[in-house]
Amino acid sequence: SAPRPSGPPRPADLLLDGLALRIGDGLAAGLPVLRPALEVFRGPDLSEEDGLRWLWLAGVTASTLWDHGAWSVL
1 SAPRPSGPPR PADLLLDGLA LRIGDGLAAG LPVLRPALEV FRGPDLSEED GLRWLWLAGV
61 TASTLWDHGA WSVL
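If you read the sequence shown in the working numbering, its first letter stands for residue 1, the second for the next number, and so on.
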């Protein structure tokens, strides 16, 4: 695997890490990473670039987690 980049994780990193855990290790493993990732995508600090590139996947993820509140915002 590739080394982790230095600095704080980007929103997409959180989302993809959570999805990888969910698929590889199950919902219980992915949920603690996915919930905060969805909060980042709902927040005011999301860049336009990250929004355009990753918001669709955050919305799909929210719907698969039955998180109606996050899904309706995203």
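There could be a bad hint or two in this list.
Restraint ranges, calculated between C-beta atoms of paired labels, are given here [said to hold, decoys possible]:
hint, residue 1, residue 2, range
1, H68, R4, 16 to 26 Å
2, S72, L31, 18 to 28 Å
3, H68, P3, 11 to 21 Å
4, S6, W66, 18 to 28 Å
5, P3, V73, 25 to 35 Å
6, H68, A2, 33 to 43 Å
7, A2, S72, 31 to 41 Å
By construction, these hints were calculated from the structure, which means they are not laboratory data.
Yeah, the Cβ is synthetic: ideal placement off N, Cα and C, and Gly gets one too.
How the hints compare with the structure:
no. : hint                  : in the structure
1   : H68 x R4: 16 to 26 Å  : 33 Å, violated
2   : S72 x L31: 18 to 28 Å : 19 Å, holds
3   : H68 x P3: 11 to 21 Å  : 37 Å, violated
4   : S6 x W66: 18 to 28 Å  : 35 Å, violated
5   : P3 x V73: 25 to 35 Å  : 34 Å, holds
6   : H68 x A2: 33 to 43 Å  : 35 Å, holds
7   : A2 x S72: 31 to 41 Å  : 35 Å, holds
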